[in-house]
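**Student:** Listed below are the residues making up each chain.
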Amino acid sequence: MVFLDFEQPLEKLYEQLNKIQQVGQEGELDVEPMIKELETKIKNKRKEIYGNLSGWQKVQLSRHPERPYTLYYIEQMCRKFVELHGDRYYKDDKAIVGGLGSLDGQSVMIIGHQKGVNTKMRQYRNFGMANPEGYRKALRLMKMAERFSIPVVCLIDTPGAYPGLEAEERGQAEAIARNLFEMAQLKVPIVCVVIGEGASGGAIGIGLGDRVYMMENTWYSVISPESCSSILWRSWDYKEQAAEALKLTADHMHSFGIIDGIIKEPLGGAHSAPEDMAKILKRHIKKAIAELQEMSTDELLEARIQKYSSIGVYDEVAPTEEGQ
Amino acid sequence: MGWFKRLKDGIQTATRNKKDTPEGLWYQCKSCKQTSTMKELKENHFKCPFCNYHVRIGSYDYFDLIYDGNYKILFDEYQSKDFLEFKDLKPYTERLASARKKNDVTDAITVATGKVNRKPLTIAAMDFKFIGGSMGSVVGERIARAIDYAIENRTPFMIISKSGGARMMESAFSLMQMAKTSAKLTQLAKAKLPYFSFLTDPTTGGVTASFAMLGDVNFAEPKALIGFAGPRVIKETIKRDLPEGFQTSEFLLDHGFLDFIVDRSEMKERIADLLYFFDTKD
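Chains as they are written, first to last, in numbering that gives the first Met the number 0: chain A, 0 to 323; chain B, 0 to 281.
So here's chain B without its partners, still in its complex pose:
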């Protein structure tokens, strides 16, 4: 079945073979190097059973973990194009084609709507596998439409960030998506609907400097890299080593930019709690 079909029906993805989770039978942890089975990993919310390392997962994995079963994918029909005829070592068209071929998502963000403990929530989840989770026109447009959808249907809104920043191949257009998404979020705020910003590893650059830092509530997965400039650039600028734990979730919590850090196994419950508190029936 082509993925466009899913757009209409609303889907149950729990049994689907996902391309953005580690393939095969075994998983070797990137952090502690211990080996576990894929089955154990999945049962443990894609966290290493030994060291609790949160494995990078895709948009659909988050939807599966957060929503009560069914959810509906929205705005997948908006797709990136190479309008600047951008070419570095590879043409942007090729990068797009290979990203589409390799992934189950159609751009660096996927929008879905569904229920969490029977309360409605619209989520836009980023995917690092799609050109580094970079934000181009489509990421901006899907977020804009997701916000319109949330306002129209009176649902709270959440963005799960996972991105290297703006998409260079769309130059100033990607830069302007920072302004676009922030401007759209003001409409959500005016409509008195809560916006949760959930930051996951990594969240950097123009994504952090726009919607990711603008949540009514900002929270993150443990030990995620979160920052504006990349650690390498900072190191080269200040010409000394960076302190241990710099630009991690824990660092941001300590400096006052996050409300809390949540373990992936408690993620759904925590989001459901927030939805409960904010559901004041106007």
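Isolated chain A (complex conformation):
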């Protein structure tokens, strides 16, 4: 088990538990009551810690090395799945995966950022940072889904679009912009879920939809707390403050009306009970698709444009002679 810094009290309790269990195995001592007591303690401690997470702690959870990624959820949710590769222009991006799956008989096009599960795979997946061909593959799959009236599901989990030299040469900005433009008018339901990190343009490049949800311990922001700290505080040391200032948690996003709902995670985070998490996620996605399928295409597109047109907070100042 990997413990985050704020989980230290839990780690200690688990150590105690392990020792007692060992003692129990070795001797005739009845350790059962002590184990029970410790397990209750662990449960309460976990509730205590998880009931009051800061913005930065949620950022840490969203990056937990054991957190499930897109392909895990696909495998759990879909009895059948065929992965589709390539953007047909340049290559197959490994940081964005996609393909046709079936959610209890409902065909869906599932697209998502993919991070690697170990050091080697993390490099292979480029840490979930897509290049332009990743966004173009996503768009190709979405346009195909549109032709066959298949709903689109996007799972978002990226520290950002890849800031590389070749990414710029091949038009990272154009690829993201094109996706936003096309997704705004795609004639099938689009359901997006932030399952981990929702960093900036890299996230929204597959994040425009009719329903956008965030899992409980994820974040969505215009910039990562670290980069925000380095630009605005001119130092890398203010990431905690930046995370608070950016108001990037699911609770914040929901209260702002930017997302449509929060998907609860099992106590201890998605990684503590990944199978349960996948079931909860599937339930939400199925429900959203069913609701959206009730709407006509015109209604769907009208509502989608309306939804995005109304995002923004500003003052309306009456013109006066004096100015401000």
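Simulated from the structure, these hints should not be mistaken for lab results.
Predicted model only: the values in this text are computed from it and were never measured.
The C-beta atom is built at its ideal place from N, Cα and C for all residues, glycine as well.
Be aware that a few hints might be false.
Stated by the list, open to error - Listed next, the in silico PhoX-like pairs over lysine-lysine satisfying Cα-Cα at most 20 Å (straight line):
{"id": "1", "chain 1": "A", "residue 1": "Lys142", "chain 2": "B", "residue 2": "Lys189"}
{"id": "2", "chain 1": "A", "residue 1": "Lys186", "chain 2": "B", "residue 2": "Lys86"}
{"id": "3", "chain 1": "B", "residue 1": "Lys89", "chain 2": "A", "residue 2": "Lys238"}
{"id": "4", "chain 1": "A", "residue 1": "Lys90", "chain 2": "A", "residue 2": "Lys142"}
{"id": "5", "chain 1": "A", "residue 1": "Lys238", "chain 2": "B", "residue 2": "Lys86"}
{"id": "6", "chain 1": "A", "residue 1": "Lys42", "chain 2": "A", "residue 2": "Lys11"}
{"id": "7", "chain 1": "A", "residue 1": "Lys35", "chain 2": "A", "residue 2": "Lys46"}
Claimed, not checked - Over the 12 Å line for every Cβ pair with chain B, so calculated as not near, a few chain A residues:
{"id": "8", "residue": "Glu25"}
{"id": "9", "residue": "Ile48"}
{"id": "10", "residue": "Pro64"}
{"id": "11", "residue": "Gly104"}
{"id": "12", "residue": "Ser148"}
{"id": "13", "residue": "His270"}
{"id": "14", "residue": "His283"}
{"id": "15", "residue": "Ser309"}
With chain A held as given, fit chain B onto it using these hints.
**Tutor:** Just chain B now, kept in the frame of chain A:
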């Protein structure tokens, strides 16, 4: 006269003293370090008379250079507010107040409508002096309203981009303006009105990754910095030096993301040409 007055009347700004152009009598070129007079610079479309460096200018300067005299400012009444109570080293409210005080524009984008060689055009022009030309809710809203105006009045639409990207102090709201502006542009496209994206120095981040790359025609001023990630970030990521001319207008033209590069002295004529070609009277 307060600037709100101008909103009603439509204005002639040619003689106005602009705060976002170099002040004083002399101008020393940032590129070639040669000195010219402000008068020479202005007469040369704010380009260095020696090396043709395109000096960064403000929204009103572009309107003055592009429109046939009069134009009308629209949607200036929508103003940024600090709804997240964002504070880094400085509170956002202070940044806003000082940006408003220092500048003749009221946010990082200004919308105007007028005529170019007698053809109507609605323009939203960004201004780098206003918090780095950053895109927050107001930039998104003014663009959205400019698009509605263009559709209602059947005018083509142009955005002049000049921005460091999204405005961090509005967090996810500024990120969502990428989706909002792109979604609004689809309505313009459906209305069969042309959208010109004119990129100037610098155009980066969320602005490039939304409306700036979505023009029916994309064009830029010479040697402008245009990109998604900033050069410093890329350099730190790839851990080697960036090639000469990386992320310039010329680089983007070469890689197929711009239709052409236009010198500021030919800008008006080129825009007028486009308006002529696209004016097919339905």
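**Student:** With reference to the structure, classify each hint as holding or not holding.
**Tutor:** Each hint tested on the structure:
Restraint check: the Cα-Cα separation between lysine 142 of chain A and lysine 189 of chain B comes to about 18 Å, which is no more than 20 Å; the hinted pair holds. In summary, the hint linking lysine 186 of chain A to lysine 86 of chain B is not supported, as the alpha carbons are separated by about 41 Å, beyond the 20 Å threshold. A distance of roughly 16 Å separates the Cα atoms of lysine 89 of chain B and lysine 238 of chain A; the hinted pair therefore holds under the 20 Å criterion. Between the alpha carbons of lysine 90 of chain A and lysine 142 of chain A the distance comes to roughly 18 Å, so the proposed pair stays at or under 20 Å and holds.
Proposed proximity of lysine 238 of chain A and lysine 86 of chain B is supported: the alpha carbons are some 13 Å apart, at most 20 Å. For a cut-off of 20 Å, the pair hint linking lysine 42 of chain A to lysine 11 of chain A stands: about 13 Å separates their Cα positions. Straight-line distance between C-alpha atoms of lysine 35 of chain A and lysine 46 of chain A comes to about 17 Å, which keeps the hinted pair within the 20 Å bound. Every CB of chain B lies more than 12 Å from the CB of glutamate 25 of chain A, the least distance being 52 Å, so the non-interface label holds.
Every CB of chain B is more than 12 Å from the CB of isoleucine 48 of chain A (nearest about 25 Å), matching its label as outside the interface. With a least CB separation of 21 Å from chain B, proline 64 of chain A remains clear of the 12 Å interface cut-off, as annotated. A cut-off of 12 Å between C-beta atoms confirms that glycine 104 of chain A is not in contact with chain B; the least separation is 31 Å. In this structure serine 148 of chain A is separated from chain B by more than 12 Å, as the shortest Cβ-Cβ distance comes to about 20 Å.
Every beta carbon of chain B lies more than 12 Å from that of histidine 270 of chain A, the smallest distance being close to 24 Å; the non-interface claim holds. No Cβ of chain B approaches the Cβ of histidine 283 of chain A within 12 Å, the least distance being about 20 Å, so the stated non-interface status holds. With a cut of 12 Å on Cβ distances, serine 309 of chain A falls inside the contact zone with chain B, its closest approach being about 8 Å.
When held up to the earlier numbered hints, the structure conflicts with 2 and 15 and fits the remainder.
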